[in-house]
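The hints should help you fit chain E onto chain C, whose structure is shown.
Just so you know, the protein sequences line up as chains C and E, in that order. With the numbering used here, letter number 65 in the first sequence gets 65, and the count goes up by one each step, no holes. With the numbering used here, letter number 40 in the second sequence gets 40, and the count goes up by one each step, no holes.
Just so you know, the hints here were simulated from the structure itself, not pulled from any lab data. Check before you lean on any hint, since a few could be wrong.
Here are the simulated DSS-like cross-link-like pairs (lysine-lysine), alpha carbons at most 30 Å apart as the crow flies [unchecked claim]: (1) E:K57 x C:K3; (2) E:K83 x E:K14; (3) C:K54 x C:K69; (4) E:K14 x E:K70; (5) C:K3 x E:K83; (6) C:K69 x E:K57; (7) C:K3 x C:K69; (8) C:K54 x C:K3; (9) C:K52 x C:K69.
Keep in mind that this is a model prediction, so the values were computed, not measured.
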Amino acid sequence: LAKTTQPISMDSYEGQEVNITCSHNNIATNDYITWYQQFPSQGPRFIIQGYKTKVTNEVASLFIPADRKSSTLSLPRVSLSDTAVYYCLVGDMNGGFKTIFGAGTRLFVKA
Amino acid sequence: DGGITQSPKYLFRKEGQNVTLSCEQNLNHDAMYWYRQDPGQGLRLIYYSQIVNDFQKGDIAEGYSVSREKKESFPLTVTSAQKNPTAFYLCASRQTDQETQYFGPGTRLLVL
Numbered sequence: 001l002a003k004t005t006q007p008i009s010m011d012s013y014e015g016q017e018v019n020i021t022c023s024h025n026n027i028a029t030n031d032y033i034t035w036y037q038q039f040p041s042q043g044p045r046f047i048i049q050g051y052k053t054k055v056t057n058e059v060a061s062l063f064i065p066a067d068r069k070s071s072t073l074s075l076p077r078v079s080l081s082d083t084a085v086y087y088c089l090v091g092d093m094n095g096g097f098k099t100i101f102g103a104g105t106r107l108f109v110k111a
Numbered sequence: 001d002g003g004i005t006q007s008p009k010y011l012f013r014k015e016g017q018n019v020t021l022s023c024e025q026n027l028n029h030d031a032m033y034w035y036r037q038d039p040g041q042g043l044r045l046i047y048y049s050q051i052v053n054d055f056q057k058g059d060i061a062e063g064y065s066v067s068r069e070k071k072e073s074f075p076l077t078v079t080s081a082q083k084n085p086t087a088f089y090l091c092a093s094r095q096t097d098q099e100t101q102y103f104g105p106g107t108r109l110l111v112l
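Just chain C, same shape as in the assembly (with noise of 0.2 Å):
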């Protein structure tokens, strides 16, 4: 299993563009890129999923360069309601049961 490494927390301001980079160096060739939101007191929701290059979706944006080592997460015009929890998740859709969740970044957007 692919490891991730996300910042511990971020701060914002309403209205700013949120950039949230996941390092996962020993990624595999069969392995795709997951984000998930977690609110506190609720279970984490998915936001999006890539395996290279740009995703888009009418929540945020996913960037892979070519060599997949990395991804970043796009928030675009964060509000007060953004503020949660993020976690990178690298794994096989094919036969990777066993899941890895990080400590996430906590991202706190001010008024």
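Then chain E, alone, in the frame of chain C:
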């Protein structure tokens, strides 16, 4: 609505008592998971199950037990051997060919 339910939302355990946390899913997912989360920490894997009647220990299985008799159900028992059970417990499920896990709302376990 499809999803995962966990009950109860809050659970109190007395010393030496076994308690069981319920997790049910109607997503028709093969794989199910149990995680423990302590305050300010990430999720740690307790047990996971790839298919009915099969389950494997995660990183912190000591003091816990599970069963998987039905595809939609994956109950977790916190035994008296778990000396520090106070935590937030999360259940999740996943379709075999997908990486995304779907989480329940969680159960908060407190010791009296």
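Status of each hint after checking the structure:
1. E:K57 x C:K3: holds (19 Å)
2. E:K83 x E:K14: holds (11 Å)
3. C:K54 x C:K69: holds (14 Å)
4. E:K14 x E:K70: Holds, at about 29 Å.
5. C:K3 x E:K83: holds (29 Å)
6. C:K69 x E:K57: Distance of about 29 Å is within 30 Å: holds.
7. C:K3 x C:K69: With Cα atoms ~11 Å apart, C:K3 and C:K69 stay inside 30 Å; holds.
8. C:K54 x C:K3: holds (21 Å)
9. C:K52 x C:K69: Given pair C:K52, C:K69 holds - Cα atoms ~10 Å apart, limit 30 Å.
Violation of the numbered hints given earlier is absent; every hint is satisfied by the structure.
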